[in-house]
Amino acid sequence: MDFGLSPEYLALRKEFREFAKTEILPFANKYDRDEVVPDELIKKLAQRGYLGGLIPAQFGGKGYNQIIMGILNEEIGRACSSVRSLITVHTHLVAESLVRWGTAEQKQNYLPKLADGSLIAAFGLSEPLIGSDAKNITTAYREEDDCYVLNGVKKWITYGQRADLVIIIARNGDAVSAFFVERTTPGYEAIPIKGMMGTRASMLAEIHLKECKIPKENLFGRKGMGFVQIANNALTNGRFSVACGSVGIARACLEESIAYAKTRIQFGVPLKDHQLIKRKISNMVTDIKAARLLCYNAGYLRDTSNPNSFIQTSLAKYFASKVAVESANEAVQIHGAMGCYEEGNIQRYYRDAKVMEIIEGSTEIQQVMLSDNAMGNIDSILDS
Amino acid sequence: MDSKETIKAFIQKKVGEETQFGYDDDIFKLGLVNSLFALELVVFLENTFGISVENEDLDLNNFNKIANMEAFIQRKKSK
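Chains R and S, in that order, are what the protein sequence lines are.
So the first sequence is numbered by this note's numbering: it starts at 679 and just counts up by one.
So the second sequence is numbered by this note's numbering: it starts at -16 and just counts up by one.
It should be emphasised that the hints constitute simulated quantities derived from the structure, not laboratory data.
Check the hints yourself; a few may be wrong.
Cβ-to-Cβ under 7 Å is the rule here; a few derived chain S residues that face chain R [unchecked claim]:
| no. | residue |
| --- | --- |
| 1 | Val(-2) |
| 2 | Ser18 |
| 3 | Val26 |
| 4 | Phe27 |
| 5 | Asn30 |
| 6 | Ile34 |
| 7 | Asn38 |
| 8 | Leu41 |
The following residues of chain S were derived to be distant from chain R, with all beta-carbon distances above 12 Å [stated by the list, open to error]:
| no. | residue |
| --- | --- |
| 9 | Lys(-13) |
| 10 | Asp9 |
| 11 | Val25 |
| 12 | Asn51 |
Backbone N, C-alpha and C define an ideal beta-carbon position, used for all residues, glycine too.
Start from the sequences and build out the full structure, keeping to the hints where you can.
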């Protein structure tokens, strides 16, 4: 059983790592302070094909598989979680879902533009009063002869400030459906949300929909199956991206802690020679390796269309986000005051890590799902 | 193993050996599985029986009972 990456995957990882190191990492703190990821970088991500990673080549994408996307998410997440968040919502939540469930016309209309970055996409599920309780959204739609009309408010929408196209989940009585909504639609307004604790540059917005008329052909998936078919599918896709991005945060914390521990002298010796520091490093190494393997396992199962991929993605996200938070906590402790200083990266990793335990299904939601699955049949989780 | 038995074995693994249900029981209404399982079921049926589930197939009545799933598979295969 070989858990190592193939030469092809190692070459891609080298490419992704170099891009993240030169084009993202040096500017990540500025993005965080300014609360903006600039369009210049978004264009570079598109030109490299990263925004279209999961879009088939026939639509202008790279046609990467899940393992490659996992590596990409880790490398970009290692540099900047706000930038990785764009891949999460645009590529995984929207483009990947469109590839699976879109009509031929929707794919032809949107996928090439999502691939080349001429359209940036986001996913609108959360509302001011609805987070984990996603089935009870209140954004409403009604059906008219030639269109659907949407009314409501979505909140905490990642890249909502920037998105040209948003999947909106809305209800009509008991029926929940999904729609492609373009920002140019009359009645659509995106209001920036500033001041987030973490992933501050992921340009969140509150999206207001007032009598937004959506053409019938913009219904996404089957009418009435918007939650079961589209939201569940999209959230699982996003969960995988967040899991791998969390490994990136944790690895960033470990690498900077190792570098610091080698040079910082206290009590006459480098930190690395102090046993309690060794303990922290050993725990971080072990947890990050385990989290990465869970991510690769989930990626492999997703690539082979294995039904166990859903729960394994939950497992990966639950553990990797926990590891990110714990690693960031240890990294701050190892760095001391330097870990709390705004000019360094550690304080950003610490704030960004916490967000990973909330988005794409909170830690508590993952725990409920994992426990219910384990109660049913523990082998279905441990064996796949 | 016929298709109904194959499907039952898959669902049984999920819900545990001690949970009893029959081919005509609505597994969602009985609370044996949740809505996320619907997607797992779609992937399982596609892989196991070589069919492709499209938007128009996503009527919950095709997936709520094993007997209905078998009928759905047969309709897909006969096309």
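We went through each hint and held it up to the structure:
Proximity of Val(-2) (chain S) to chain R holds as hinted, the smallest CB-CB distance being about 5 Å (cut-off 7 Å). Look at Ser18 (chain S): its Cβ gets to within about 5 Å of chain R, closer than 7 Å, so that hint holds up. Hint on Val26 (chain S) holds. Least Cβ distance to chain R is approximately 4 Å, under the 7 Å limit. Here the hint on Phe27 (chain S) is kept, as its CB sits about 4 Å from the closest CB of chain R, short of 7 Å.
Because the beta carbon of Asn30 (chain S) sits about 6 Å from the nearest beta carbon in chain R, less than 7 Å, this interface hint is met. With a least beta-carbon distance of about 12 Å to chain R, the hint placing Ile34 (chain S) at the interface is violated under the 7 Å criterion. Annotation: Asn38 (chain S) was flagged as interfacial toward chain R, and the flag holds, the nearest CB pair being 5 Å apart, inside 7 Å. About 4 Å separates the beta-carbon of Leu41 (chain S) from the nearest beta-carbon of chain R, less than 7 Å, and the hint is met.
For Lys(-13) (chain S), the non-interface assignment is confirmed: its Cβ lies about 18 Å from the closest Cβ of chain R, beyond the 12 Å cut-off. At roughly 15 Å from the closest C-beta of chain R, the C-beta of Asp9 (chain S) stays outside 12 Å, upholding its exclusion from the interface. Not every CB of chain R is more than 12 Å from the CB of Val25 (chain S) (nearest about 8 Å), against its label as outside the interface. The claim that Asn51 (chain S) lies off the interface holds: its Cβ sits roughly 16 Å from the closest Cβ of chain R, which is beyond the 12 Å cut-off.
Of the numbered hints given earlier, the model fails hints 6 and 11; all others are met.
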